[in-house]
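Undergrad: Sequence:
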Amino acid sequence: MGEALIMTALGLAVAIPAVLGYNALVRGNKGVLGRLNRFAHQLHTYFITGAPLTRSANATAPKPVMALVGGE
Numbered sequence: 409m410g411e412a413l414i415m416t417a418l419g420l421a422v423a424i425p426a427v428l429g430y431n432a433l434v435r436g437n438k439g440v441l442g443r444l445n446r447f448a449h450q451l452h453t454y455f456i457t458g459a460p461l462t463r464s465a466n467a468t469a470p471k472p473v474m475a476l477v478g479g480e
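One gets the working numbering by counting positions in the sequence shown from 1 and adding 408 to each.
These are calculated hints, taken from the structure and not from any lab test. Hints are not guaranteed to be accurate.
[Said to hold, decoys possible] Across the chosen pairs, the derived CB separations fall in these ranges: (1) A421 x L441: 27 to 35 Å; (2) G439 x P460: 18 to 26 Å; (3) L420 x N445: 35 to 43 Å; (4) L420 x G458: 56 to 64 Å; (5) N445 x I424: 26 to 34 Å; (6) A448 x M409: 56 to 64 Å.
We put the beta carbon where it would ideally sit given N, CA and C, even for glycine.
All chains, full assembly: derive it from the sequences and hints.
TA: Here it is as structure tokens:
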């Protein structure tokens with residue numbers, strides 16, 4: 409019975425850092441994809457209109473999704 413507990417502890421010791429690393433990579437990828445999407449939108453606008461995309465004077469920064477759905 410002691411062997412099973414030791415193996416469970418070792419499994420958790422490996423799995424928890426792996427999950428934390430995976431979450432960090434996913435979060436980083438979301439940031440890169442957001443910047444690429446923004447660039448693609450600006451490039452498409454430039455090709456269509458011939459002028460760079462500018463923000464209007466009354467434009468506000470986008471709100472975080474969690475603020476919109478009532479999250480923390």
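Undergrad: Which of the listed hints are not met by the structure?
TA: none
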